[in-house]
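Going line by line, the protein sequences match chains A and B. Quick note on numbering: the first sequence equals residues 7 to 68 in this note's numbering. Quick note on numbering: the second sequence equals residues 3 to 317 in this note's numbering.
Since the hints were made in silico from the structure, they are not lab data. For clarity, every value in this text was computed on a predicted model and none was experimentally measured. Glycine included, every Cβ here is placed at the ideal spot set by N, Cα and C. There may be inaccurate statements among the hints.
[To be verified] Cβ-Cβ distance ranges computed for the label pairs, FRET-style:
| no. | chain 1 | residue 1 | chain 2 | residue 2 | range |
| --- | --- | --- | --- | --- | --- |
| 1 | A | M24 | B | S69 | 43 to 49 Å |
| 2 | A | T8 | B | S27 | 49 to 55 Å |
| 3 | A | M7 | B | A45 | 45 to 51 Å |
| 4 | A | L32 | B | A104 | 17 to 23 Å |
| 5 | B | I40 | A | M24 | 31 to 37 Å |
| 6 | B | T229 | A | M7 | 45 to 51 Å |
| 7 | A | V41 | B | A104 | 19 to 25 Å |
| 8 | A | L61 | B | V314 | 19 to 25 Å |
| 9 | A | T8 | B | A104 | 36 to 42 Å |
| 10 | A | L61 | B | Q153 | 51 to 57 Å |
| 11 | B | V71 | A | V25 | 19 to 25 Å |
| 12 | B | Q226 | A | T8 | 36 to 42 Å |
| 13 | A | L32 | B | Q226 | 49 to 55 Å |
| 14 | A | Q39 | B | R63 | 21 to 27 Å |
[Claimed, not checked] Only part of the chain A face toward chain B is listed, based on derived beta-carbon distances under 10 Å:
| no. | residue |
| --- | --- |
| 15 | G13 |
| 16 | L15 |
| 17 | E23 |
| 18 | L29 |
| 19 | M43 |
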Amino acid sequence: MTQFLQGLLRLRRGPWEMVASILIGLGVVMLMQPVLMIAFTYSFIVTLTGTVMFLIVSHFPE
Amino acid sequence: MTDSTVDRLAQATPPTLARKVKGLSDRAIAWLFIAPTIFLLLAVNIFPLIWTIRLSFTNYRVNRPNSDVDWVGTRNYERILTDEDTWEKMQATAHFLISTLAIQVLIGFALAYLINKKFKGDALWTTIIVFPMMLSPAVVGNFWTFLYQPQIGLFNTVVGTILGTDPASFSMIGDVHLAPWAIVIVDTWMWTPFVMLICLAGLRSIPESIYEAAECDRASGWRQFWTITIPMVLPFLMLAVLFRGIENFKMFDLVVQLTGGGPGNTTTLTSIDLKREAFERWRTGYASAYAIILFVTVFGLASIYVKALNKVKER
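The following block holds chain A by itself, in its conformation from the complex (with noise of 0.2 Å):
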C-alpha cells in the first residue's frame, strides 16, 4: 500500500494506470447496473475521467 501511494506521489505509471483502470470499470458498472438512476446520470463523467487520465498517465515513467 505504501509502495503505491509512493508511487502516486512520484507520478509513475502502474499505481497512476491503476487508479485510471478502475475508474473506467467503475463507470461501465455504473453505466448497465440496473439498481441507482443516480450511479447511471454519473457513469459518463467517471468513464471520461478515467479513460482521459489513462491516456496522460500511460506516458509518465516506469
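Following the hints, position chain B against chain A.
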C-alpha cells in the same frame, strides 16, 4: 532482395521520378510512403470523430440543413444520462454482452479443446462448426425467425418435445422474458465458432514438450490443464473476448432482423436506439452525444483490456 533485383528495379524506375527521389532523405521518403495512410486515417476516422464531438454540443438536425444551429452545451448529454429509457437500453445491452461473452467463451473453448484432441474426421467437424460464421447476419436473422415460429418452428418443436410442452405455448421472439435470450442463442450459434478458432490456434501453439515434461513430473491431467493449458491459451482467449465484446457492443443487424428491438423495448440495444435517434427521429446532435458516450465506454474498456492482455503476454 538480390543485387540484380535492385538493379532491375532501379532501371525500371522512370528517370524523372528517380531524379526527384534521389535528393530526399530516408526520413522524407518514409514520410512520403506513410502520408497517404495518415491522410486516410485523418479523413475517415479522426475528422468524423471531432465533427461528432462538435455536433454533440448542438441541436443540429441533418434533415433541416437550413435551420439555425444553436450551441446547447452539455444539454444533450444531460438528457441522455437522465433518461430512464436509455438506462433500460444500456441494461439490455449489458445483458446481451455479458451473456453472449460468457456462453461463447465456455462453449468455444470446450469445442476447441475437443477438436484439438486429434480424432478421425476432426477437419470435417471443424468445417461444419465454422459454417454459421460464414453466413450473413441478415440471412441468419431471417432463418432463425422461422426456427422460432411457435406453430411451425423447429426450435419450438425440439424444445417442446424435450420439455414435454406444447410448442405453440411459448414464443421466443414475442415473449418479454424470452426475447433477450432468443438473440443471445442466435449470436452464440453464429459466433461461438470464431472463439473456437482463436482458442484452437492457442491450443495448437502449445509445444508438446511442455506436456511431456509435466508427465515426467507426474502432474495429473487436471493440473496440466490449469497450469499449462489455461495460462498459455489465456492471451488468445482474451483476444477473442476483446473482438467479440467490441462487436457485440455495436450489435445491430442480427437483432433488427430477429426482433426489431421488441417486444416493447426489451431487445432494443444501444446501437438500435442510436440509429433510431439519428435516422428516424433525426436528432443528430442528440445522437452524436449518444455515440460519444458509447465511444468513450468502448475506448476506455478496450484500453484497460489491452493493458491486461499485454501483462498476460509478458508472463
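Verification of the supplied hints:
| no. | hint | in the structure |
| --- | --- | --- |
| 1 | A/M24 <-> B/S69: 43 to 49 Å | holds, 48 Å |
| 2 | A/T8 <-> B/S27: 49 to 55 Å | holds, 51 Å |
| 3 | A/M7 <-> B/A45: 45 to 51 Å | holds, 48 Å |
| 4 | A/L32 <-> B/A104: 17 to 23 Å | holds, 21 Å |
| 5 | B/I40 <-> A/M24: 31 to 37 Å | holds, 33 Å |
| 6 | B/T229 <-> A/M7: 45 to 51 Å | violated, 30 Å |
| 7 | A/V41 <-> B/A104: 19 to 25 Å | holds, 21 Å |
| 8 | A/L61 <-> B/V314: 19 to 25 Å | holds, 22 Å |
| 9 | A/T8 <-> B/A104: 36 to 42 Å | holds, 37 Å |
| 10 | A/L61 <-> B/Q153: 51 to 57 Å | holds, 55 Å |
| 11 | B/V71 <-> A/V25: 19 to 25 Å | violated, 38 Å |
| 12 | B/Q226 <-> A/T8: 36 to 42 Å | holds, 39 Å |
| 13 | A/L32 <-> B/Q226: 49 to 55 Å | violated, 37 Å |
| 14 | A/Q39 <-> B/R63: 21 to 27 Å | violated, 32 Å |
| 15 | G13 | violated, 16 Å |
| 16 | L15 | violated, 22 Å |
| 17 | E23 | holds, 7 Å |
| 18 | L29 | holds, 8 Å |
| 19 | M43 | holds, 6 Å |
Of the hints listed earlier, those the structure fails to meet are numbers 6, 11, 13, 14, 15 and 16, in rising order.
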